[in-house]
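Protein chains: 2
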Amino acid sequence: MKNKREQKKVAIIGCGLIGQSWAVNFLSSGFSVSLFDPIEGVVEAAKKEIKEKLDVLKTNGLINDGNLLNYSDKIFLARSLPEVVQDVIYVQESGPEDLYIKKKLTQNIDKVTQEHIPIASSTSGIPASSYAADVPGQSRCIVAHPINPPHLIPAVEIIPAPFTSKIITETVKKIICSMGKQPIELKKEIPGFIVNRLQGALLIEAFNLVKDGIASAQEIDRAISEGLGLRWAIMGPFKTIHLNAPEGIKGYVERYENMYQDMFKSSDLNWAELIKDGLETDLLKLYPLEEREEQEEQRNSKLMQLISHKT
Amino acid sequence: MKNKREQKKVAIIGCGLIGQSWAVNFLSSGFSVSLFDPIEGVVEAAKKEIKEKLDVLKTNGLINDGNLLNYSDKIFLARSLPEVVQDVIYVQESGPEDLYIKKKLTQNIDKVTQEHIPIASSTSGIPASSYAADVPGQSRCIVAHPINPPHLIPAVEIIPAPFTSKIITETVKKIICSMGKQPIELKKEIPGFIVNRLQGALLIEAFNLVKDGIASAQEIDRAISEGLGLRWAIMGPFKTIHLNAPEGIKGYVERYENMYQDMFKSSDLNWAELIKDGLETDLLKLYPLEEREEQEEQRNSKLMQLISHKT
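One line per chain: the protein sequences are A and B, in this order.
All residue numbers for the first sequence refer to the numbering used here, where the first residue is 1 and numbers rise by one.
All residue numbers for the second sequence refer to the numbering used here, where the first residue is 1 and numbers rise by one.
Keep in mind that the hints are not guaranteed to be accurate.
Derived DSS-like pairs: lysine-lysine, alpha-carbon spacing no greater than 30 Å straight-line [what the hints assert, rightly or not]:
1) A:Lys276 to B:Lys250
2) B:Lys8 to B:Lys51
3) A:Lys187 to B:Lys276
Partner residues are not named here, just some residues of chain B that face chain A (Cβ under 7 Å, in silico) [said to hold, decoys possible]:
4) Ser29
5) Lys74
6) Phe76
7) Arg79
8) Leu81
9) Pro82
10) Val135
11) Gly137
12) Lys188
13) Glu205
14) Lys211
15) Glu226
16) Leu228
17) Pro237
18) Ala245
19) Gly251
Hints in this document: simulated from the structure, not taken from any laboratory.
Where a beta carbon is used, it is the ideal one built from N, C-alpha and C, also for glycine.
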């Protein structure tokens, strides 16, 4: 029988930015993490990054100090797949976004991981029914897709394949919840899942507005960050419109459905062409690549304030 | 010559929720406001609501106290159009969302308002080139569309018609800025302007996801409020994707354009049918109409915290 600490150990496979963020989430909630990446030196670098991210979260009051006691002793660097999955209660795979690689990797993880242990993938777009189609233990395969920056944003999309067992889905949701994260469960697989579909719908319209010369990317961004986005940080689109009519959503739809339907026609939008036509230049002027890190830090710092305020 | 206080007086025509919010914005920035509504008793009720909203903003530290000195003396209740526009530097019309009424109203306002004073409309969808087409002073007509709740959300869409003078557009933007609001200027008129187009694009996809049984409205709402919305409260969609690839927006588009384009197909979506099929029932269960006021208050309180935190 395992002791309590071992029972709360999880495997992080693939230790790029996403894998590191998962480790931060698990460690800050009292879990132990076992890290593996096939590329030499990556796990050592990841351990450093993870510690830095934990320090920032601590400084911003977003971590319960108790959970960070001796956290350094809770990071295990594994040298192989069989080693990383030893004694874990959960596997989070954050490998490359490539169907062939993900198929192979999932098969290999499945081979060495104890029965009934969930194998979740961070993929932002490949459904488990594709990458785990030929995996013998497919019933424990599931997508758990985090949102960038994953150590801050609470939402995690949970997308079971038709062959994923209900117990696995429930177990994964419980583990996600135990980190203070918010599992968003899909009833069915769909390309892009829901986060990227909602983002995509907004992006397509944003690109269209730029293409048609209605407003600049900067003005569109401000319409969101100083307008709609402030509402959406507090409540989703349905609750928003439900509260925007005295009769609730029905009244809103009666009043505005036609207006919205009239706005949208089919389009032959080409994003890459827009980039070439000046959109990239505009954005690089506003947010130079050299300032990326600084801007990421600013974004994260604001997000942390916002999140600690919301909770 | 006018004294300084008179130079900072504005006319609020139509004193429902939107007109009241405009008055709150102007008063909390040190302006005087002159209120008019054709329906008897409305301006008196509005004055009460305005005071209550100002108190809440003050309690939440969102108003510079100096601007509220003797603010009660800065609210004038007018009994006619000619009276409300007397000695004002700006007119904000928030009448009904009806082309015929807005045409008539704008003509009447234009007749009695001193030359060169901007006449802005709060319309959320009727362009000035429609409602002001036959107005002699059309060059000073413009849309200034606020976002609900307008006393909190900084963004205000500014949509000049082709006949609106550049000086008027600049003056209106300056006045909006002087209230600490954020003017979002459109280069061209378009149905829905940009805020409702961006919201509409997201809503259509949200309705589609519900229609296709992918996720519930509640899960979709959580994907926004616990995910995308937190980012969008900090930055717009373009800056978001620009920061989501090491190479900026170009790299993002190279990687993800196909994914997004593949997600979307034409649809025969019918919102009203979805409402009947259970969507309304679901939402009423989650957010009963009897709790509307409480939920609005909660929303506003969270928004204030978020906004005072962001600034």
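Results for each hint:
Between Lys276 of chain A and Lys250 of chain B, the direct Cα distance comes to roughly 9 Å. Compliance with the 30 Å bound is thereby established for this hinted pair. With a C-alpha separation of about 19 Å, the suggested pair Lys8 of chain B and Lys51 of chain B falls inside the 30 Å cut-off, and the hint holds. Only pairs whose Cα atoms come within 30 Å are accepted, and Lys187 of chain A paired with Lys276 of chain B is accepted, the gap being roughly 21 Å. The beta carbon of Ser29 of chain B comes no nearer than 16 Å to any beta carbon in chain A, farther than 7 Å, and the hint placing it at the interface is violated.
Taking 7 Å as the C-beta cut-off, the interface hint given for Lys74 of chain B is violated, the closest approach to chain A being about 26 Å. The restraint placing Phe76 of chain B at the interface with chain A is violated, with a minimum CB-CB distance near 29 Å, outside the 7 Å limit. Proximity of Arg79 of chain B to chain A is violated relative to the hint, the smallest CB-CB distance being about 28 Å (cut-off 7 Å). Interface hint status for Leu81 of chain B: violated, as the beta-carbon distance to the closest one in chain A is roughly 27 Å, over 7 Å.
For Pro82 of chain B, the suggested interface contact is broken, since its CB lies about 32 Å from the closest CB of chain A, more than 7 Å. Checking Val135 of chain B against chain A by beta carbon gives a least distance of about 23 Å; that is not within 7 Å, so the hint is violated. Because the beta carbon of Gly137 of chain B sits about 26 Å from the nearest beta carbon in chain A, more than 7 Å, this interface hint is broken. Hint on Lys188 of chain B holds. Least Cβ distance to chain A is approximately 5 Å, under the 7 Å limit.
Given the 7 Å rule on beta carbons, the hint for Glu205 of chain B holds: about 4 Å separates it from the nearest Cβ of chain A. Interface hint at Lys211 of chain B: violated, since its Cβ lies 12 Å from the closest Cβ of chain A, which is beyond the 7 Å cut-off. At about 4 Å, the closest approach between the beta carbon of Glu226 of chain B and any beta carbon in chain A falls short of 7 Å, and the interface hint on this residue holds. At its closest, the beta carbon of Leu228 of chain B sits 6 Å from a beta carbon of chain A; the interface hint therefore holds under the 7 Å criterion.
The criterion of a C-beta within 7 Å of any C-beta in chain A is met by Pro237 of chain B, whose closest approach is roughly 5 Å, and the hint holds. The criterion of a C-beta within 7 Å of any C-beta in chain A is not met by Ala245 of chain B, whose closest approach is roughly 10 Å, and the hint is violated. For Gly251 of chain B, the suggested interface contact is broken, since its CB lies about 10 Å from the closest CB of chain A, more than 7 Å.
Hints 4, 5, 6, 7, 8, 9, 10, 11, 14, 18 and 19, counting from the list given before, are not met by this structure.
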